[in-house]
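Student: The chain contents come next:
Protein chains: 2
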Amino acid sequence: MKKGVLVIISGFSGAGKGTVTKNLVKRYDQYALSISATSRAPRPGEREGIDYFFKTKEEFEKMIREDAFIEYAMYVGNYYGTPKDYVFGQLEAGKDVILEIEVQGALQVKAKMPDAVTVFMTTPSASVLKERLFGRGTETDELIADRLARARVEAELINKYDYIVVNNDLEECIAGLHQLIQSQHCRASQNIEFMADIKKQLEEI
Amino acid sequence: MKKGVLVIISGFSGAGKGTVTKNLVKRYDQYALSISATSRAPRPGEREGIDYFFKTKEEFEKMIREDAFIEYAMYVGNYYGTPKDYVFGQLEAGKDVILEIEVQGALQVKAKMPDAVTVFMTTPSASVLKERLFGRGTETDELIADRLARARVEAELINKYDYIVVNNDLEECIAGLHQLIQSQHCRASQNIEFMADIKKQLEEI
Chain A
1 MKKGVLVIIS GFSGAGKGTV TKNLVKRYDQ YALSISATSR APRPGEREGI
51 DYFFKTKEEF EKMIREDAFI EYAMYVGNYY GTPKDYVFGQ LEAGKDVILE
101 IEVQGALQVK AKMPDAVTVF MTTPSASVLK ERLFGRGTET DELIADRLAR
151 ARVEAELINK YDYIVVNNDL EECIAGLHQL IQSQHCRASQ NIEFMADIKK
201 QLEEI
Chain B
1 MKKGVLVIIS GFSGAGKGTV TKNLVKRYDQ YALSISATSR APRPGEREGI
51 DYFFKTKEEF EKMIREDAFI EYAMYVGNYY GTPKDYVFGQ LEAGKDVILE
101 IEVQGALQVK AKMPDAVTVF MTTPSASVLK ERLFGRGTET DELIADRLAR
151 ARVEAELINK YDYIVVNNDL EECIAGLHQL IQSQHCRASQ NIEFMADIKK
201 QLEEI
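Quick note, the sequences are listed as chains A and B, same order. Counting in my numbering, the first sequence runs from 1 upward without gaps. Counting in my numbering, the second sequence runs from 1 upward without gaps.
So that you can see chain A by itself, here it is in the shape it has in the complex (with noise of 0.2 Å):
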């Protein structure tokens, strides 16, 4: 079985980067979404290893002292974090496995694990953005200049992933990052076992 290429998403808020990663995970069978776990309360609806792994803050603290995050945060009091042990097994399984995070946990977990594809997902431009956002027809006007302020200190550290992706049209969007994602496959990263085959087949030959 061939490991599966391990993808970090993130992207300004009002890019798309929801909407196109459950797209990607609804039409192929090939990806994985990345399930956070929680120290907060479920709400209503949620269910336990679909949308997060619950767990309590000691179980929490004790899986951070085991070393068993690739990233972790506390966010207004509860902890989130990206379980090793799920992630892991989906690259062994051989699925393609999508991590949605924002911009300094991607970064982080890119410094540790260099063969993640990290990519930034934007809007083609500034004036977009702010459309989507207001478009949107839920937000305050107080929480788009804060979603707009975010996107300004995330805009300095774009240069920093791997790729861009414009989400312009949203069906070309998901094409475009499905061909991108496949295409990884070929990373030489990827093909260490078969690159050695090759060699030891050459050598017997």
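Fair warning: there could be bad hints in the mix.
Copies of the same chain look alike in the list, so a pair counts if it fits in one copy or across any two.
Straight-line Cα separation of at most 27 Å, DSSO-like style, residue types lysine-lysine; simulated pairs [to be verified]: (1) K55 with K95; (2) K2 with K130; (3) K199 with K130; (4) K62 with K199; (5) K199 with K160; (6) K3 with K199; (7) K3 with K160; (8) K2 with K26; (9) K112 with K55; (10) K110 with K160; (11) K200 with K84; (12) K200 with K130; (13) K160 with K112; (14) K57 with K2; (15) K84 with K110; (16) K199 with K110; (17) K200 with K62; (18) K55 with K160; (19) K160 with K200; (20) K95 with K160.
These are calculated hints, taken from the structure and not from any lab test. No experiment lies behind these values; they were computed from the predicted model shown.
With chain A held as given, fit chain B onto it using these hints.
Tutor: Relative to chain A, chain B alone:
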């Protein structure tokens, strides 16, 4: 105009890289094949600026002194090299330039131009390679042994390449390589201007 991607393709003799690259160039306007300069005399039917740029030994050496080559080498008493002018001109014009080049030269170019994408093409196995070399029917046993010996040396360096492309089925290989190269347009290094623009727009919005 967005700059093109520089693609360096190497591979075992018999892996089919000539056929694959010829098909890419024939099918898609997007590609330009790099044209080598040489100090050897034109053979019947060879055309200036299509098969080679023909130079005298003196002209070639003047170009070496002027640092006009991406890489060059001497082979059986003649110079062969890749002129910067042609490659850089095509990249600026937005073409993806394919440079078909042997392993040592490829890694030299990559060291000087880290944004180049290096691809190594191989058969699915060593036995398939041997079959294809025999299957040509034009090569002596000695020549085949020589090619396999060279393949053994090349195999030591495959892991230095960015991507390994397996040529099992020709059509699949062409399609896969095309997708791989087109995905490289999303690399951060290809989108420096775009990222600077978005950053500036976000500050002004």
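Student: If a hint holds in the structure, say so; if it does not, say that too.
Tutor: Comparing the hints with the structure gives:
no.: 1; hint: K55 with K95; verdict: within (25 Å within a copy, 53 Å between copies)
no.: 2; hint: K2 with K130; verdict: between (42 Å within a copy, 25 Å between copies)
no.: 3; hint: K199 with K130; verdict: between (53 Å within a copy, 14 Å between copies)
no.: 4; hint: K62 with K199; verdict: neither (44 Å within a copy, 40 Å between copies)
no.: 5; hint: K199 with K160; verdict: between (34 Å within a copy, 14 Å between copies)
no.: 6; hint: K3 with K199; verdict: within (20 Å within a copy, 36 Å between copies)
no.: 7; hint: K3 with K160; verdict: both (25 Å within a copy, 20 Å between copies)
no.: 8; hint: K2 with K26; verdict: within (22 Å within a copy, 33 Å between copies)
no.: 9; hint: K112 with K55; verdict: within (24 Å within a copy, 50 Å between copies)
no.: 10; hint: K110 with K160; verdict: both (10 Å within a copy, 20 Å between copies)
no.: 11; hint: K200 with K84; verdict: neither (33 Å within a copy, 37 Å between copies)
no.: 12; hint: K200 with K130; verdict: between (56 Å within a copy, 14 Å between copies)
no.: 13; hint: K160 with K112; verdict: both (14 Å within a copy, 21 Å between copies)
no.: 14; hint: K57 with K2; verdict: neither (36 Å within a copy, 50 Å between copies)
no.: 15; hint: K84 with K110; verdict: within (14 Å within a copy, 34 Å between copies)
no.: 16; hint: K199 with K110; verdict: between (30 Å within a copy, 22 Å between copies)
no.: 17; hint: K200 with K62; verdict: neither (44 Å within a copy, 44 Å between copies)
no.: 18; hint: K55 with K160; verdict: neither (32 Å within a copy, 43 Å between copies)
no.: 19; hint: K160 with K200; verdict: between (37 Å within a copy, 17 Å between copies)
no.: 20; hint: K95 with K160; verdict: both (25 Å within a copy, 25 Å between copies)
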